[in-house]
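J.: Using the sequences and the accompanying hints, generate a full structural model.
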Amino acid sequence: MTEAFWSALDSLVAEHEIVIDRPKGTPHPRFSQYIYPMDYGFLKGTASMDGEGIDVYLGSLPGRRLDAILVTVDLLKGDSEIKLLLGLTAEEKQSLLGFHNASQWMKGMLVERGDGR
639 MTEAFWSALD SLVAEHEIVI DRPKGTPHPR FSQYIYPMDY GFLKGTASMD GEGIDVYLGS
699 LPGRRLDAIL VTVDLLKGDS EIKLLLGLTA EEKQSLLGFH NASQWMKGML VERGDGR
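Numbering (the numbering used here), first residue to last: 639 to 755.
Because the hints were derived from the structure by calculation, they are not lab data.
All figures in this text were calculated on a predicted structure; none of them were measured in a lab.
Where hints are given, some of them may not hold.
[Said to hold, decoys possible] In silico BS3-like pairs for lysine-lysine, Cα to Cα no more than 25 angstroms straight-line:
no.	residue 1	residue 2
1	K715	K662
2	K721	K745
3	K721	K682
4	K731	K745
T.: Right, dumping it as structure tokens:
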């Protein structure tokens with residue numbers, strides 16, 4: 639069952655264009671004290687809880703392998719989402735987790751694929 643979940647996410651990534659609208663090092667549009675630690679964007683033609691495309695973070699590893707997701711709760715927006723992590727090193731994952739837990743209003747939890755791929 640777990641592999642079917644990850645396989646479905648792999649299909650979304652393969653079938654939809656990745657659009658980076660917040661490059662690494664840029665500030666959050668509403669909260670300028672938060673700087674994106676890596677490229678952030680979405681899968682074009684998909685939808686998430688906030689009505690926008692499914693969120694994606696791109697790390698420095700080649701191949702853009704999906705091996706984790708970040709589950710977030712945003713108390714200001716009153717929603718929760720998943721963010722697909724593509725090609726992130728272990729250090730980048732921890733940096734991203736810290737980024738999403740730096741505010742009292744946003745909390746994130748890392749879920750790793752764990753299938754040895």
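J.: Now tell me if each hint is right for this structure.
T.: Verification of the supplied hints:
Between K715 and K662, the direct Cα distance comes to roughly 23 angstroms. Compliance with the 25 angstroms bound is thereby established for this hinted pair. In summary, the hint linking K721 to K745 is supported, as the alpha carbons are separated by about 12 angstroms, within the 25 angstroms threshold. Distance check on the hinted pair: K721 and K682 sit about 14 angstroms apart at the alpha-carbon level, within 25 angstroms; holds. For a cut-off of 25 angstroms, the pair hint linking K731 to K745 stands: about 14 angstroms separates their Cα positions.
The structure shown violates none of the earlier numbered hints.
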